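A.B. asks: Protein chains in written order, with UniProt numbering: chain W, 1 to 398; chain F, 1 to 398.
Hints may be right or wrong, so weigh each one.
[Claimed, not checked] Among the chain W residues that face chain F by a calculated CB cut under 10 Å, a handful are: (1) 46; (2) 137; (3) 248; (4) 368.
Rather than coming from a laboratory, the hints here were simulated on the basis of the structure. Values in this document were obtained by computation on a predicted structure and should not be read as measured data. Think of the CB as a built atom: it goes at the ideal place given N, C-alpha and C, for glycine as much as any other residue.
There are 2 protein chains.
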Amino acid sequence: MISVAEAQNIILEHSTKGGTESIAFEICLNRMLAEGIYTDRDAPPFDRVAMDGIAIDSRQLLKQQSFFIEAIQAAGQEQKPLKNPENCIEVMTGAVLPYHTDCVIPYEKVTIQNGIAKLDSMAHKPFQNTHRKGIDAKKGDLLLPSGTWIQPGVKGILATTGNTQVKVVKLPKVMICSTGDELVPIESEPLPHQIRRSNVYMLQAALKELNVEAKTTHLPDDKAKLTSAIKQLLDEFDVLLFSGAVSKGKYDYLPVVFQELGLQIHIHGVKQKPGKPFLFGTKGTKCVFGFPGNPTSTLVCFHAYFKLWLNQYLGITLIPNYAYLTKDIVFKKPLTNHLLVKTSHDNGKTMANPIANSGSGDLVHLALANAFLSLPSEQDEFKKGELYPITYFHQNSF
Amino acid sequence: MISVAEAQNIILEHSTKGGTESIAFEICLNRMLAEGIYTDRDAPPFDRVAMDGIAIDSRQLLKQQSFFIEAIQAAGQEQKPLKNPENCIEVMTGAVLPYHTDCVIPYEKVTIQNGIAKLDSMAHKPFQNTHRKGIDAKKGDLLLPSGTWIQPGVKGILATTGNTQVKVVKLPKVMICSTGDELVPIESEPLPHQIRRSNVYMLQAALKELNVEAKTTHLPDDKAKLTSAIKQLLDEFDVLLFSGAVSKGKYDYLPVVFQELGLQIHIHGVKQKPGKPFLFGTKGTKCVFGFPGNPTSTLVCFHAYFKLWLNQYLGITLIPNYAYLTKDIVFKKPLTNHLLVKTSHDNGKTMANPIANSGSGDLVHLALANAFLSLPSEQDEFKKGELYPITYFHQNSF
Numbered sequence: 001m002i003s004v005a006e007a008q009n010i011i012l013e014h015s016t017k018g019g020t021e022s023i024a025f026e027i028c029l030n031r032m033l034a035e036g037i038y039t040d041r042d043a044p045p046f047d048r049v050a051m052d053g054i055a056i057d058s059r060q061l062l063k064q065q066s067f068f069i070e071a072i073q074a075a076g077q078e079q080k081p082l083k084n085p086e087n088c089i090e091v092m093t094g095a096v097l098p099y100h101t102d103c104v105i106p107y108e109k110v111t112i113q114n115g116i117a118k119l120d121s122m123a124h125k126p127f128q129n130t131h132r133k134g135i136d137a138k139k140g141d142l143l144l145p146s147g148t149w150i151q152p153g154v155k156g157i158l159a160t161t162g163n164t165q166v167k168v169v170k171l172p173k174v175m176i177c178s179t180g181d182e183l184v185p186i187e188s189e190p191l192p193h194q195i196r197r198s199n200v201y202m203l204q205a206a207l208k209e210l211n212v213e214a215k216t217t218h219l220p221d222d223k224a225k226l227t228s229a230i231k232q233l234l235d236e237f238d239v240l241l242f243s244g245a246v247s248k249g250k251y252d253y254l255p256v257v258f259q260e261l262g263l264q265i266h267i268h269g270v271k272q273k274p275g276k277p278f279l280f281g282t283k284g285t286k287c288v289f290g291f292p293g294n295p296t297s298t299l300v301c302f303h304a305y306f307k308l309w310l311n312q313y314l315g316i317t318l319i320p321n322y323a324y325l326t327k328d329i330v331f332k333k334p335l336t337n338h339l340l341v342k343t344s345h346d347n348g349k350t351m352a353n354p355i356a357n358s359g360s361g362d363l364v365h366l367a368l369a370n371a372f373l374s375l376p377s378e379q380d381e382f383k384k385g386e387l388y389p390i391t392y393f394h395q396n397s398f
Numbered sequence: 001m002i003s004v005a006e007a008q009n010i011i012l013e014h015s016t017k018g019g020t021e022s023i024a025f026e027i028c029l030n031r032m033l034a035e036g037i038y039t040d041r042d043a044p045p046f047d048r049v050a051m052d053g054i055a056i057d058s059r060q061l062l063k064q065q066s067f068f069i070e071a072i073q074a075a076g077q078e079q080k081p082l083k084n085p086e087n088c089i090e091v092m093t094g095a096v097l098p099y100h101t102d103c104v105i106p107y108e109k110v111t112i113q114n115g116i117a118k119l120d121s122m123a124h125k126p127f128q129n130t131h132r133k134g135i136d137a138k139k140g141d142l143l144l145p146s147g148t149w150i151q152p153g154v155k156g157i158l159a160t161t162g163n164t165q166v167k168v169v170k171l172p173k174v175m176i177c178s179t180g181d182e183l184v185p186i187e188s189e190p191l192p193h194q195i196r197r198s199n200v201y202m203l204q205a206a207l208k209e210l211n212v213e214a215k216t217t218h219l220p221d222d223k224a225k226l227t228s229a230i231k232q233l234l235d236e237f238d239v240l241l242f243s244g245a246v247s248k249g250k251y252d253y254l255p256v257v258f259q260e261l262g263l264q265i266h267i268h269g270v271k272q273k274p275g276k277p278f279l280f281g282t283k284g285t286k287c288v289f290g291f292p293g294n295p296t297s298t299l300v301c302f303h304a305y306f307k308l309w310l311n312q313y314l315g316i317t318l319i320p321n322y323a324y325l326t327k328d329i330v331f332k333k334p335l336t337n338h339l340l341v342k343t344s345h346d347n348g349k350t351m352a353n354p355i356a357n358s359g360s361g362d363l364v365h366l367a368l369a370n371a372f373l374s375l376p377s378e379q380d381e382f383k384k385g386e387l388y389p390i391t392y393f394h395q396n397s398f
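With the sequences and hints as input, model every part of the structure.
C.D. replies: Written out as structure tokens, the structure is:
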């Protein structure tokens, strides 16, 4: 068996980068930009009024305190000129700064009576309360490099720059397969020895949080049927995720079926708990992840391995994250212990509070966790206050 | 003008709790559960085999080391009995523990030859490698209280317990309205004094990250048209979000239109930068949020005020979060300074790195930030290493 770090390196070696596609602006949120976005104009595109008030020629400040209002410059109107330098123009936020003016004085610092604006003080500077043309970016500047994650602010920039179509990294086509003859559909009343399918829905939800819409299917514990079903799924999908059937059981046919279908199995067994029987294989650019069938094993392996693969596919750079253990833990096996935790915050620090649970088959307590700490295999005792790597179960944690 | 804390209290006083609805299991991710979920059976529902191997009667351990394999108990099969206490049954993970057995010995600790399993050692304990009936929950136990956020693990529990329909808190119907005659559609080539609409798309994306699908519209800077459009929108939607037209400009008609339509304006003006002209009003259970039109003001007010309202509507308890400022900042105005930052992690601590920007109209640099620090108004100097409240622009940060 290999270590967690070795397994993660193997995954990274065998993951491919996704292709690109052009999609509509409307649906580009939480996708990875695959082109550089350049401004088609200066940002802002004109000297922009940044406060409601009056615009004057600041050189007049030494000479006069009262200004006749000769016009109004509203947002969305063509630039007007100040005809008489001794006058002013009322200006609105978002408007073009009128020609021959260079100073905006907000209403709060002006008294207006009978069409005359009187300044409360003369302490004003050229270009105050203006947002100057090109100060944020010049026409032709690279605003968003390829490899930018499209979050709401980025979507705002794509709108401003008129990108009705956006080139992004394609999403992989993913099928989630449950195995195990003990599983019955949610709507069923299970017999005493049966349980309802749940891992596939948990994985589907975890994928949806990563913006990947995946399908689910169930495959029987029958070698011939498994083989023909998987052969077909490999044609249609980029990635197959399996829950169950990768361990040492009599009906754990997946490893042998994968081999017969010509898949190269790069990982089968990792020095970790939970998730020891974890399997990863590839055939060309297609790949299969075999997660052990217990809920915690499945979800932990999904985040420790599949998410790593997906990040590389999309071009997301993972920044390792750490949290403080809040309780002494003893774990004597020479395995990496993926410890379920619920995080909290304490004065800007991330605290990892272990979730008591009955093992990897325990879905009830898994749902209370929002992350896991990976406690290194070479240690037996882990003390309160020590810092360990953390992996979150939710999106936006990369 | 009121303080940020006063404004937030007013929002909380005037926010209502959302009603409930029953939705299909398939679409319940990232919704707020509005009913308690009880187990319909013990969890696990039977003494479950937790390792592939053999099951024996542990009392035999003192007497014998080799066990004849009399049957196989696969997952999904009805419980079998061990007929002869001196024999064993091969068992698979997920199977029912056979009747008259109480101890699972994994394949790793057994040598099987000619149908006889020989133990490597006698050091085994009753009920080892089993997941005992009801250990995680007893039939009738409350597994998920009302007010649980449906994340992937929770969805797994809803599946296990057979909830094909789920009672959740309704989502509010939200319309996002842009104002400002300088705005043109994304697909347009703007004239020199025009800019493309972007705030509405940024807000729509921010709402989508909170799982709320909102619509967008544009309203002209014309009082009569605004009045009739808003009257109609108030009938159809629970919440209207406005970007622009709430300040002191000549064409900032919203405050007066709201009053004429019978809305109570609870907030208009907050001691903060950006976002000073922020407005909040209600009419019955309907409410309007008037965000100042600059991109940063809009997004900051959305997160500081609308998200607070939404959390209360959905029943999410907000836990305040803090981060370490990484740079000295001087800000002398008696206003709360919502400082754009990009967070990073340093040994389990959240670090807030200020984003240089040219003010609230600067969309380019806003897109680089993932959060803002709220620096209190009663201070002028903020030192590197000090801890301040942080608000994230992304989901899953509550």
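A.B. asks: Compare the structure with the hints numbered earlier in the document and write down the numbers of the violated ones, lowest to highest.
C.D. replies: Hint check: nothing fails, all pass.
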